[in-house]
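For any residue, its number in this note's numbering is found by taking its place in the sequence shown, counting from 1, and adding 14.
Hints listed in this document are in silico derivations from the structure and should not be mistaken for laboratory results.
Accuracy of the hints is not assured; some may be wrong.
Claimed, not checked - Quick list of the computed label-pair ranges, beta carbon to beta carbon:
{"no.": "1", "residue 1": "Tyr19", "residue 2": "Arg54", "range": "45 to 53 Å"}
{"no.": "2", "residue 1": "Ser42", "residue 2": "Leu21", "range": "25 to 33 Å"}
{"no.": "3", "residue 1": "Leu21", "residue 2": "Gln44", "range": "26 to 34 Å"}
{"no.": "4", "residue 1": "Phe57", "residue 2": "Ile22", "range": "46 to 54 Å"}
{"no.": "5", "residue 1": "Arg53", "residue 2": "Ile26", "range": "38 to 46 Å"}
In this text, all values refer to a predicted model and were calculated from it rather than measured experimentally.
A virtual CB, placed ideally from N, CA and C, is assigned to each residue, including glycine.
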Amino acid sequence: MESLYFLIPIAIIFVATAVKLYFWAVNSGQYDDLETEGRRILFDEDDPLDPLRAPPRDQPDGEEHHVDR
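Make a model of the complete structure from these sequences and hints.
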């Protein structure tokens, strides 16, 4: 029973912190656009991130750059 004197204030502080973080997230715009992030994964990117799969670019001296695999 004596542990409740310790646990109840800890729980109140925890809930107050969670509510404060929620309102901070709402006020800072974290929940403004919920659709874009869900749809972004469905579309391919225009620029590939893997340099081995990227199309070869012309070198300034006119030589082609080839990647051996």
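Comparing the hints with the structure gives:
{"no.": "1", "hint": "Tyr19 / Arg54: 45 to 53 Å", "result": "holds (49 Å)"}
{"no.": "2", "hint": "Ser42 / Leu21: 25 to 33 Å", "result": "holds (31 Å)"}
{"no.": "3", "hint": "Leu21 / Gln44: 26 to 34 Å", "result": "holds (30 Å)"}
{"no.": "4", "hint": "Phe57 / Ile22: 46 to 54 Å", "result": "holds (50 Å)"}
{"no.": "5", "hint": "Arg53 / Ile26: 38 to 46 Å", "result": "holds (40 Å)"}
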